[in-house]
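Asks: Sequence:
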Amino acid sequence: MTKNKKRILILAPHTDDGELGCGGTISRFAEEGNDVYYIAFSTAEQSLPPNFPSNTLEIEVKAATKVLGILPKNLVIFKHEVRKLNYIRQEILEELIKLRKDIQPSLIFLPSPNDLHQDHHTVSEEGIRAFKNSSILGYELLWNNISFNTQSFVILSEKHVNTKVKALMEYKSQHHRKYLTKEFITGWARTRGTQINADFAEAFEVVRWII
128 MTKNKKRILI LAPHTDDGEL GCGGTISRFA EEGNDVYYIA FSTAEQSLPP
178 NFPSNTLEIE VKAATKVLGI LPKNLVIFKH EVRKLNYIRQ EILEELIKLR
228 KDIQPSLIFL PSPNDLHQDH HTVSEEGIRA FKNSSILGYE LLWNNISFNT
278 QSFVILSEKH VNTKVKALME YKSQHHRKYL TKEFITGWAR TRGTQINADF
328 AEAFEVVRWI I
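With the numbering used here applied, the sequence shown covers 128 to 338.
Read the hints as simulated data drawn from the structure, not as lab findings. It cannot be assumed that every hint is accurate.
[Claimed, not checked] 27 Å max Cα-Cα, derived BS3-like pairs, lysine-lysine:
1. 299 / 225
2. 189 / 309
3. 259 / 293
4. 200 / 293
5. 132 / 299
6. 228 / 133
7. 259 / 211
8. 228 / 206
9. 309 / 299
[Said to hold, decoys possible] Listed next, with one range per pair, are the computed distances between beta-carbon atoms:
10. 177 / 206: 19 to 25 Å
11. 286 / 211: 23 to 29 Å
12. 181 / 304: 15 to 21 Å
13. 286 / 178: 30 to 36 Å
14. 293 / 132: 21 to 27 Å
15. 304 / 214: 23 to 29 Å
Ideal placement from N, C-alpha and C gives every residue a C-beta, glycine not left out.
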């Protein structure tokens, strides 16, 4: 696999979005020896539950991405204000263009273009703009999608799903979320696997595919 090593870039509007949308896929690609990069645009300090330090999500994303196999040097954390990314579109685009030059990824994962969350939608649009010459897959976050086109699948083993669950458990500040349970994450992966006669999978929208 080393001979065909790929550079894969995950764009996460907030810490945990990348793990939720494609954590199993990250685990598989890292295990196969690819270089995986993870960019978080907001640590969502304003959304933390009471009594958590302001840097909680920064600490948690470092732990979670390490579980998935992402090297610390491949993690980039911006601290833009949550729910206001749409106000700084040009700044985000310029950051993405710099990342494009520095990383030169062959495959980008970003939120589905059909994601309703304003921050997710902004990162999706600016990511597509910045990486218009690259292959791009959109990941799903069920609670934000009215529609989602399951056009591409990555087959996962139970080990990859368990690693995704383990990574998400690092987000102790987010344990109140209904979608952050082992039962939900495993069931979601099993559902997508059933669509392609596999035990587990993650599904993606094809934004652009270059062969």
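Asks: Any hints from earlier that this structure breaks? Give me their numbers in increasing order, please.
Replies: Failing hints, ascending: 1, 3, 5 and 11.
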